[in-house]
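The primary structure of each chain is shown beneath.
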Amino acid sequence: MYNFDVVKPTRIADAVKELSDSTESQPLGGGQTLIPTLKQRLASPDKLVSLSAIDEMRGVCTGEDGSICVGGATNHATVAAEAGGYPALAATAAHIGDPAVRNRGTIGGSLANNDPSACYPAAALGSGATIKTNAREIAADDYFQGMFATALDEGEIITEVRFPVPDKANYQKFVQPASRFALVGVFVAKYADGVRVAITGASNDGVFRWTEAEAALSSNFSADAIVGLSLSGDNMISDLHGTGDYRAHLCAVMTKRAVTAAA
Amino acid sequence: MPKDGGIGASSKRREDVRFLTGAGNYTDDINIRGQAYVHFLRSDIAHGTIKSIDTAAAARMPGVVRVFTGADFEGVGGMPCGWQVTDRHGQPMQEPAHPILAQGKVRHVGEPVAAVVADTAEQARDAAEAIVLDIDELPAVVDMKAALESGATKVHDDLNDNLCYDWGFVEENKDAVNKAFEDAAHVTSLELVNNRLVANPMEPRVAVGDYAKGTDDSTLYTTSQNPHVIRLLMGAFVLGIPEHKLRVVAPDVGGGFGTKIFHYQEEAFCTFAAKACNRPVKWTSSRTEAFISDAHGRDHVTKIELALDADNNFTAIRTETHANMGAYLSTFAPSIPTWLHGTLMAGNYKTPLIYVNVKAVFTNTVPVDAYRGAGRPEATFQLERVVDKAARELGVDPIALRRQNFITEFPYATPVAVEYDTGDYHGTMDKLEEMGDFAGFAARRSESEKNGKLRGLGVNCYIEACGIAPSNLVGQLGARAGLYESATVRVNATGGLVVMTGSHSHGQGHETSFAQVVAEMIGIDENMVEIVHGDTANTPMGMGTYGSRSIAVGGSAMVRATEKIINKAKKIASHLLEASEADIELKDGAFSVAGTDKSVAWGDVTLAAYVPHNYPLEDIEPGLEETAFYDPANFTYPSGAYACEVEVDPDTGKVTIERFAAADDFGNIINPMIVTGQVHGGIAQGIGQALLENCAYDENGQLLSASYMDYAMPRADDLPMFAVDHSSQTPCTHNPLGVKGCGEAGAIGSPPAVVNAVVDALQSAGTDVTHIDMPLSPDRVWEAMNG
Numbered sequence: 001m002y003n004f005d006v007v008k009p010t011r012i013a014d015a016v017k018e019l020s021d022s023t024e025s026q027p028l029g030g031g032q033t034l035i036p037t038l039k040q041r042l043a044s045p046d047k048l049v050s051l052s053a054i055d056e057m058r059g060v061c062t063g064e065d066g067s068i069c070v071g072g073a074t075n076h077a078t079v080a081a082e083a084g085g086y087p088a089l090a091a092t093a094a095h096i097g098d099p100a101v102r103n104r105g106t107i108g109g110s111l112a113n114n115d116p117s118a119c120y121p122a123a124a125l126g127s128g129a130t131i132k133t134n135a136r137e138i139a140a141d142d143y144f145q146g147m148f149a150t151a152l153d154e155g156e157i158i159t160e161v162r163f164p165v166p167d168k169a170n171y172q173k174f175v176q177p178a179s180r181f182a183l184v185g186v187f188v189a190k191y192a193d194g195v196r197v198a199i200t201g202a203s204n205d206g207v208f209r210w211t212e213a214e215a216a217l218s219s220n221f222s223a224d225a226i227v228g229l230s231l232s233g234d235n236m237i238s239d240l241h242g243t244g245d246y247r248a249h250l251c252a253v254m255t256k257r258a259v260t261a262a263a
Numbered sequence: 001m002p003k004d005g006g007i008g009a010s011s012k013r014r015e016d017v018r019f020l021t022g023a024g025n026y027t028d029d030i031n032i033r034g035q036a037y038v039h040f041l042r043s044d045i046a047h048g049t050i051k052s053i054d055t056a057a058a059a060r061m062p063g064v065v066r067v068f069t070g071a072d073f074e075g076v077g078g079m080p081c082g083w084q085v086t087d088r089h090g091q092p093m094q095e096p097a098h099p100i101l102a103q104g105k106v107r108h109v110g111e112p113v114a115a116v117v118a119d120t121a122e123q124a125r126d127a128a129e130a131i132v133l134d135i136d137e138l139p140a141v142v143d144m145k146a147a148l149e150s151g152a153t154k155v156h157d158d159l160n161d162n163l164c165y166d167w168g169f170v171e172e173n174k175d176a177v178n179k180a181f182e183d184a185a186h187v188t189s190l191e192l193v194n195n196r197l198v199a200n201p202m203e204p205r206v207a208v209g210d211y212a213k214g215t216d217d218s219t220l221y222t223t224s225q226n227p228h229v230i231r232l233l234m235g236a237f238v239l240g241i242p243e244h245k246l247r248v249v250a251p252d253v254g255g256g257f258g259t260k261i262f263h264y265q266e267e268a269f270c271t272f273a274a275k276a277c278n279r280p281v282k283w284t285s286s287r288t289e290a291f292i293s294d295a296h297g298r299d300h301v302t303k304i305e306l307a308l309d310a311d312n313n314f315t316a317i318r319t320e321t322h323a324n325m326g327a328y329l330s331t332f333a334p335s336i337p338t339w340l341h342g343t344l345m346a347g348n349y350k351t352p353l354i355y356v357n358v359k360a361v362f363t364n365t366v367p368v369d370a371y372r373g374a375g376r377p378e379a380t381f382q383l384e385r386v387v388d389k390a391a392r393e394l395g396v397d398p399i400a401l402r403r404q405n406f407i408t409e410f411p412y413a414t415p416v417a418v419e420y421d422t423g424d425y426h427g428t429m430d431k432l433e434e435m436g437d438f439a440g441f442a443a444r445r446s447e448s449e450k451n452g453k454l455r456g457l458g459v460n461c462y463i464e465a466c467g468i469a470p471s472n473l474v475g476q477l478g479a480r481a482g483l484y485e486s487a488t489v490r491v492n493a494t495g496g497l498v499v500m501t502g503s504h505s506h507g508q509g510h511e512t513s514f515a516q517v518v519a520e521m522i523g524i525d526e527n528m529v530e531i532v533h534g535d536t537a538n539t540p541m542g543m544g545t546y547g548s549r550s551i552a553v554g555g556s557a558m559v560r561a562t563e564k565i566i567n568k569a570k571k572i573a574s575h576l577l578e579a580s581e582a583d584i585e586l587k588d589g590a591f592s593v594a595g596t597d598k599s600v601a602w603g604d605v606t607l608a609a610y611v612p613h614n615y616p617l618e619d620i621e622p623g624l625e626e627t628a629f630y631d632p633a634n635f636t637y638p639s640g641a642y643a644c645e646v647e648v649d650p651d652t653g654k655v656t657i658e659r660f661a662a663a664d665d666f667g668n669i670i671n672p673m674i675v676t677g678q679v680h681g682g683i684a685q686g687i688g689q690a691l692l693e694n695c696a697y698d699e700n701g702q703l704l705s706a707s708y709m710d711y712a713m714p715r716a717d718d719l720p721m722f723a724v725d726h727s728s729q730t731p732c733t734h735n736p737l738g739v740k741g742c743g744e745a746g747a748i749g750s751p752p753a754v755v756n757a758v759v760d761a762l763q764s765a766g767t768d769v770t771h772i773d774m775p776l777s778p779d780r781v782w783e784a785m786n787g
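Note that the protein sequences, when read in sequence, are chains A and B.
So in the numbering used here, spot 149 of the first sequence is number 149, and the numbers just go up one at a time.
So in the numbering used here, spot 527 of the second sequence is number 527, and the numbers just go up one at a time.
Bound-form chain A, shown alone (with noise of 0.2 Å):
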């Protein structure tokens, strides 16, 4: 890794104020994505803003309309142990990477990454969740905007991911054998107003969500509303691990898991 300063400011507008003092500042959540890249002299930022000091931006609570919050410098670990308001989000939550993993990332580093295949867009993008940040609220279908994109500015921090609690949710996911990320993972919930399918892993445009299950699901909500349902593998991420085509038939038997899991 090249040098650089290290800061850890302890509330968002002095997070804010650090990274607006220099274009080479990086904001570093649980690191889990940004200290390998360091270490692999991918990137030189000059400046590292850690948020993991930022009590505001710690810890699970319920909302005053139910919903779940989550900190944007929350751990997975965390959210494993207290989301039980939203189991769902408590188990994708307890499985993502290894504990090491799950004690150093944090909610808004992976969705401020948007790794093709990190579980959590699934989660926020399947729950509809609304990304809070230290300027606005961003809902999640606005959010996610291919891989490794996102609707965030330079500089922004995300401070809160609010999740509304759905009647039934699951998620399941088929991991790559090496990494152990998803090779595909499939969030399904289902609200008041219908159901929501959104899959991480499979797309070249990263997470997205899968339509046409969500149209047979609100109506049918059960594995069976998805039979004869499939994807095309033309856009699908196509590598050593699976082809496209591969990877498309798995997002329809996931979704049909996730189903029957949730149902």
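There may be inaccurate statements among the hints.
[What the hints assert, rightly or not] Straight-line alpha carbon distances no greater than 30 Å define the calculated DSS-like cross-link-like pairs of lysine-lysine that follow:
hint: 1; chain 1: A; residue 1: 168; chain 2: B; residue 2: 654
hint: 2; chain 1: A; residue 1: 168; chain 2: B; residue 2: 453
hint: 3; chain 1: B; residue 1: 654; chain 2: A; residue 2: 190
hint: 4; chain 1: A; residue 1: 168; chain 2: B; residue 2: 450
Bear in mind the hints are in silico, worked out from the structure with no lab data behind them.
Let chain A serve as the given structure and place chain B on it in line with the hints.
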């Protein structure tokens, strides 16, 4: 009754105390005052001509001591190859030059092109980034068959082509084998890939070179399985340092699996640079560097054919293999697909006629050499796959077909030049059938099917050849080294012993099991015996540890040296007891006169040897120290039978191993617990090869699986509990301990069991899948089912 110490006892591994408490002394723990650090600039291009290397800016960077390029090594020897294979036509293999730093061309991603020595590792790395490297990219040679087409781009311009050798074994049998195929009632053929692997020992390679100007002595600390071999190769062939001015130390080593046998450029560089810079020079490999510079394993593409007569007796085997050598010949690379592979092609079966053809090919990839099993897993895999396929084609039980063709009389001379001394293949298969509960398989299969899963059972046998020997034979086969082992036993005045062995422990537990042998022979407590290894300055010339040879060859040398000690001690005892030497007996650590109650303790005899006041000085010298070199008469031949039961999820293609049983015959056992551990580790690696590990290059010679993000190592939750048994014991007939070796068995025996099981599962669902190439990753299995 479990034994309390000595041969056959499951003594706890004494070395684990330091390994598990962070008190080990690994090469990276060695830091010498004034030490500098080297960073290697490695090619990120698979094949190209070096137009220029501009090191001027790098040389001016802070902390830089010196920048080296290939030009600094003109006149220095290249990396030597330790085995010369002679081809089908009696010609020696093509052997390219292998420079320490690239000369003129780069030939694989990861090849070191330049090296920066600096005060700190970070400074060295910073400066390496300032080197301006201009390489004209050439087409990369990756696919072996394309590499052999006429007009193919050549990896080495000064060689005729990309063919290292075209080896036929046994060439004189070729026509008879072909005739047997013409006469066969049934022929089963199979084309398969033995996937390329990266060894991935937990400890990456490290080298520290040191030079004493005052005495002109060089020292290399290195992560090696065989420090004496490194001293010989590097001293004599690379750097021209006489062995008495060169010391090589391999301290605690965190796993080798074959990849730390070989002499590497980084070792020679650090030794050379320490003298050139007059400072100790250290290199610690990153994991990324390990992927692109540690010798890889396997990488064979094979067609095997099995001929059977009308009664299902095997009549002939014919194979054609393309073996990837990579860009250069690693130290023992040519021997792996030939003498360690072709000689095992008979397996456990009395097939009378066998012909093995191997074409070794140069490609723009990392050199390939021995990896746990080395040649024997490749032989076992193809043989046990084709036998399984034959059983399916013939509609006969795969175990019955194997049993029908088992070798049952020993010694048995195979048609591929080796003679098995002992074995009991029905015995291990009987044991396996008991352990595997094959009778209950049908019920387990229906239970799986109720859950929407497919269940398969795969069985296979294996034969291994360990303790490659004897030296005069392997010399005729092209080895440029002897394959004996050595031991010096030094008894101290107060009765404790230090055994200096030429073999090397890098996880095998020699410090425990070797001590058990000596303690048993003398009848003393194991804790009175210390095992020393890994330093050329205090151990006799030895060939190191690989090929499951240590107890069979190194242990035998130790037994011989201990016998000499006992013989001399008896002379001393007979003097002290005033009895005839012929009447002296050694039991439980005391010498006694047969038929009397007169005795003298071990410690009294050892004290007399060093304080020779009452001592037969006219007949024998004082002191009690003996050395023995042991050159075995033959290989040893461990064997066994393995069974794997899998569940396959037909919706995803995911394979789960539900049961795994291994029945091995290792001859006599020194420490059953250590043997069990060796088998467990071997099976884990074999399952890794079968299901997970895939070292893959793209068409440009870029390594696609260059990190753990894409190279899947087996993890505990990928594996079931193993049922392991080694109670079937047919002792080796030609070494003093009757031992055979157990280090590689698990890695050899397990891949075919896994693949056989998956094919069985898929066929149970009515598919016509007869083979899937490893690793059997979910996508491959699903595609085989749905292709």
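Evaluated hints:
1. A:168 x B:654: Since the Cα atoms of residue 168 of chain A and residue 654 of chain B sit roughly 27 Å apart, the hinted pair holds (cutoff 30 Å).
2. A:168 x B:453: Holds, at roughly 27 Å.
3. B:654 x A:190: Holds. Residue 654 of chain B to residue 190 of chain A sits at ~28 Å (cutoff 30 Å).
4. A:168 x B:450: Measuring from Cα to Cα gives roughly 27 Å; hence the hint holds.
Of the hints listed earlier, there is not a single one the structure fails to meet.
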